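Novice: Sequence:
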Amino acid sequence: MRVAVGSDEQTSTTDAVVEELRRREAKVELFGALAQGDDTSWPEVARRVAEQVSQGRCSQGLLFCWTGTGVSMAANKVPGARAALCVDAATAAGARRWNDANILCMSLRLTTPALAIEMLEAWFSASPEASEGENIERLKALDAVRAGAR
1 MRVAVGSDEQ TSTTDAVVEE LRRREAKVEL FGALAQGDDT SWPEVARRVA EQVSQGRCSQ
61 GLLFCWTGTG VSMAANKVPG ARAALCVDAA TAAGARRWND ANILCMSLRL TTPALAIEML
121 EAWFSASPEA SEGENIERLK ALDAVRAGAR
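As numbered in my numbering, residues 1 to 150 make up the sequence shown, in order.
Simulated from the structure, these hints should not be mistaken for lab results.
In this text, all values refer to a predicted model and were calculated from it rather than measured experimentally.
Some hints here could point you the wrong way.
Claimed, not checked - Simulated DEER-style distance windows between Cβ atoms:
(1) Arg24 with Ala130: 24 to 34 Å
(2) Pro128 with Arg23: 31 to 41 Å
(3) Ala130 with Gln10: 35 to 45 Å
(4) Gly37 with Asp88: 25 to 35 Å
(5) Lys27 with Glu121: 17 to 27 Å
(6) Gly37 with Gly94: 17 to 27 Å
(7) Glu118 with Ser59: 13 to 23 Å
(8) Ala130 with Ser12: 34 to 44 Å
Where is the CB? At the ideal position from N, CA and C, for every residue including glycine.
From just these sequences and the hints, can you work out the full model?
Specialist: So, in structure tokens, the structure goes:
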């Protein structure tokens with residue numbers, strides 16, 4: 001599994017997430033403040049992570065900013081990105097299960113290292129439910145809307 005991880009700030013939470021991913025033997029691609037010498041702002045970090053996921057270079061993405069809303073909004077501008085801002089494990093699992101989300105966004109302000117690990121466990125343990133296929137298929141219409149808005 002290859003996971004893109006980006007943030008505009010390096011914190012104990014981002015460090016715990018990267019460490020946990022490596023413990024799970026994931027190949028981790030770092031962006032923004034998590035990458036050596038990369039001081040890119042959060043909108044660009046979100047775009048880069050979303051492109052890694054939408055173009056298939058990474059299977060999942062994780063994004064962080066102070067509230068989490070900015071990176072989720074920016075990532076969702078990239079066709080094929082389905083970023084979900086989550087504040088707990090149940091929401092993270094639901095985003096994967098019912099919406100086939102492929103980018104987990106977290107708030108640096110609210111998310112402790114322990115909570116982030118709980119959310120990761122829920123995120124990676126869940127997969128899209130077959131019964132939600134029709135609903136998930138509707139999400140592809142968002143890409144058509146984005147393409148038409150250009």
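Novice: Does the structure break any of the earlier hints, and which numbers would those be?
Specialist: Result: hints 2 and 6 break, sorted rising.
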